[in-house]
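Asker: Let chain A serve as the given structure and place chain B on it in line with the hints.
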Amino acid sequence: MFATLVGAYPRTPLPGRPFKLRAGYGQLDRGEIDADGFRAVQDELIREIVDEQESAGLEPLTDGGIRAEDPLTYLARDLDGFEISGLLRYFDTNTYFRQPRAVREPRWTRPITVDDWRFTASLTDKAVKQNVVGPYTLGRLADTAEVGQERVTLALAEALNQELRALADAGCPLIQVDEDAATLIGEDREQQRLFREAQRRLLAGFGGSRDTHVSLAITMGNADAAGTDTIFDAPYSSYLFDLIAGPDNWRLVARAPGERGIICGALDARNTALDTKELLIWAAHYAASTAGRGLARVGLSPSTSLEYLPRDRALAKIKLLGEAARLAAMAGTEELARSIDPRAVDIRSAAFGRYAPTARKAAEEAQAAQPAEELA
Amino acid sequence: MTAVNGLWTTSVGSFGKPPELLKARTDHAAGRIPDEELDRLERAATERWIRFQEEIGVDILVDGEMYRGDMATYFAEEMAGFEIGGLVRSYGNRYYRKPIAVGAVRRTHPITVEWWKYAQSLTSRPVKGMLTGPYTIADWSFDEHYGSRREFVLDLARAIHDEAMDLVAAGARFVQIDEPAASARMEELPLVAEAMAIVTDGLEAHAITHICYGDFMRAYPTMLDIPVDQIDLEMTNSDFDLLERFRDIPFTKAIGLGVVDVHSHEIESVDDVVRGIKLALEVLPADRIFVDPDCGLKTRTVEETEAKMRVIVEGVRRVREELGIGSELPEGRPTEGRHRGAPIPA
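Going down the list, the sequences are from chains A and B.
Under numbering that gives the first Met the number 0, the first sequence has 126 at position 127, and the numbering climbs by one with no breaks.
Under numbering that gives the first Met the number 0, the second sequence has 342 at position 343, and the numbering climbs by one with no breaks.
One chain only, chain A, in its complex shape (with noise of 0.2 Å):
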């Protein structure tokens, strides 16, 4: 049982603090710091970033997005094969990303994520993990009208291959496969097809025994009309839905295969207001009930991105998702009962309004508090 940040975090300051990286970007633009300063400020802000995931008992952690304008460019910009064009909405956000329009087919020419997952990982004893944008995600989101959706959603997939590969070698535990545009497929058998023949090809090589898992997220929406063959096909080793603006992922929680991990997408990314634990809690045990999967192979995160939130509201919210995985891991256990809600708990809580046991419970519960040499 863990809990882990979708990926991206807001780069803006806790009330009262000076922001910093926007400063950098005034910065870099009057000419009165270059690149590797303005890396410097990012890097501070990725080193506050991790802090507040490990203060609330996150892991793995991520560097919050921070080093991406966003996160399609920061891909693109570095493929062999694009250029990038005019500001498009993000879904349904008021958040943009400049569209990457395909010239010809993307080619990998270098690692790109694998220096920043490195500076990352530097920073902290704990896993780190790094996202990649989808190549369906990437494809379908680019402008490909001049070389064709097929051929370059195809082409990418083979292209990010190297990338998790060049990953995988330097030593990264986790990578997550950001595929938000799953949620666009619906029925439509063709491109179901291309999203599993996409996740085929980036995918060849890992599986099995290789030892970086790889993991498939989907935010923004229901992915569950697509149908589990075509979200299930690929070889990954967990899922991450978002259960909020999704609902619907539900029926993929249900029907995922017990040996694969479920991270529950279950904390409101969108919205200001406090979510409940016993409402997490609830996710993480249901997920974990599904196909025989165990609580061992189950996680909460945000519903997507914390980014469309301030940044106080967002610290509030992991610090909601690290206590929930901490208790959701008591599952069965007095300490959880007495830590929720007791409607949540039992009718009988319930109805007393506070936790409480019925007589054989309380004892057994006794007994199991007992010191081991006091039961000998």
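Note that these hints are calculated values from the structure, not bench results.
The reader is advised that the hints may include incorrect statements.
Claimed, not checked - In silico lysine-lysine, DSS-like type, Cα no more than 30 Å apart, as pairs:
(1) B/Lys22 to A/Lys19
(2) A/Lys125 to A/Lys19
(3) B/Lys116 to B/Lys22
(4) B/Lys297 to B/Lys116
(5) B/Lys22 to B/Lys297
(6) A/Lys19 to B/Lys297
To be verified - Computed beta-carbon distance windows for the label pairs:
(7) A/Ala34 to B/Glu82: 36 to 42 Å
(8) A/Phe18 to B/Asp214: 29 to 35 Å
(9) A/Arg38 to B/Asp38: 40 to 46 Å
(10) A/Arg192 to B/Glu335: 45 to 51 Å
(11) A/Ser288 to B/His264: 51 to 57 Å
(12) B/Arg246 to A/Asp210: 54 to 60 Å
Using N, Cα and C, we set each Cβ at its ideal position, and we do this for glycine too.
Answerer: Chain B alone, transformed into the frame defined by chain A:
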């Protein structure tokens, strides 16, 4: 005598703020200068933009929104039921304070009317009333109160309707209700239209909505069901792709045609502007075309704003001259197009 009038020049609403005003806004937020000083600078900057638009020959003017920050937050700050939250990023190094609905939202006083009156007092040309639409304010806010997007949007629609009516009562002939969020969720376009029907109900003016940076191909033609006289669309950013669809499914309203990119430092050539206008003229008559930038120009410097507005006016002047199109302004009244929605397929 000119047979046809059209290709009226205007802009989407905001202009670049002069450096002294940007500094004053920062100083004011930090409590270093009083309200009166900020107000004086905002008025001076507004007057400067009105004079500039008159000088270059813009047909329908805007006040440039020198007194506004984010377009949704500005209205939320003035209404009951909102708190203003922390900063969130929109793109690149741009951020805004996102409102939070913490109670039922309602208008407690006119929000833009005094500014509109001030701007209009400076010129004899029409100045547009500029409002942010209910769907966009709701969509760009956090909701800790309603739990129902529809209820949130419709409460805002009633508030924006009151504001629009007050603008018209003050003399506004053109009222723009921006809905840039409208093209993000296709399934909610009917809600956008439902809310706009409340806003424009009984509005005796030329009602415009501005939509940008969404999936126009999917939003069209349903977007035509939004009850306004004109839809203003960002076109340069998508290289005028949408115009091709008008050949198959006719555009039923007047269009605001974005002909310069507002997110680029580069200044388009007059030829670029002429090309965009001529593409539009292939599918729409001149008297249903208003020409402007893709979106608000507030992200540009004063110099870039001026340069982009100049090429628009010059491009229009050239096409009008070439095709013999006049510049006499439309009345600024409701048109048949307001309730002419998406054509029903045969």
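Asker: Each of the hints needs a verdict: does it hold here or not?
Answerer: These are the hints, each one checked on the structure:
Of the supplied pair hints, the one linking B/Lys22 and A/Lys19 holds, its CA atoms being roughly 18 Å apart against a limit of 30 Å. Note on A/Lys125 and A/Lys19: the hinted pairing holds, with a Cα-Cα distance of about 26 Å set against a maximum of 30 Å. Annotation: proposed proximity of B/Lys116 to B/Lys22 holds, straight-line Cα distance about 26 Å (limit 30 Å). Pair hint B/Lys297 plus B/Lys116 holds up; C-alpha atoms about 21 Å apart against a cutoff of 30 Å.
For a cut-off of 30 Å, the pair hint linking B/Lys22 to B/Lys297 stands: about 15 Å separates their Cα positions. A threshold of 30 Å between alpha carbons decides the hint, and for A/Lys19 with B/Lys297 the separation of about 23 Å falls inside it, so the pair holds. The hinted range of 36 to 42 Å is satisfied by A/Ala34 and B/Glu82, whose Cβ atoms lie roughly 39 Å apart. For the pair A/Phe18 and B/Asp214, the supplied restraint of 29 to 35 Å holds, since their beta-carbon distance comes to about 32 Å.
Between A/Arg38 and B/Asp38 the beta carbons are some 42 Å apart, a value that agrees with the proposed interval 40 to 46 Å. Between A/Arg192 and B/Glu335 the CB atoms are about 47 Å apart, so this pair conforms to the stated range of 45 to 51 Å. A hinted range of 51 to 57 Å for the beta carbons of A/Ser288 and B/His264 is consistent with their spacing of about 56 Å. At roughly 56 Å, the beta carbons of B/Arg246 and A/Asp210 sit within the given window of 54 to 60 Å.
Going through the hint list in order, the structure satisfies each hint without exception.
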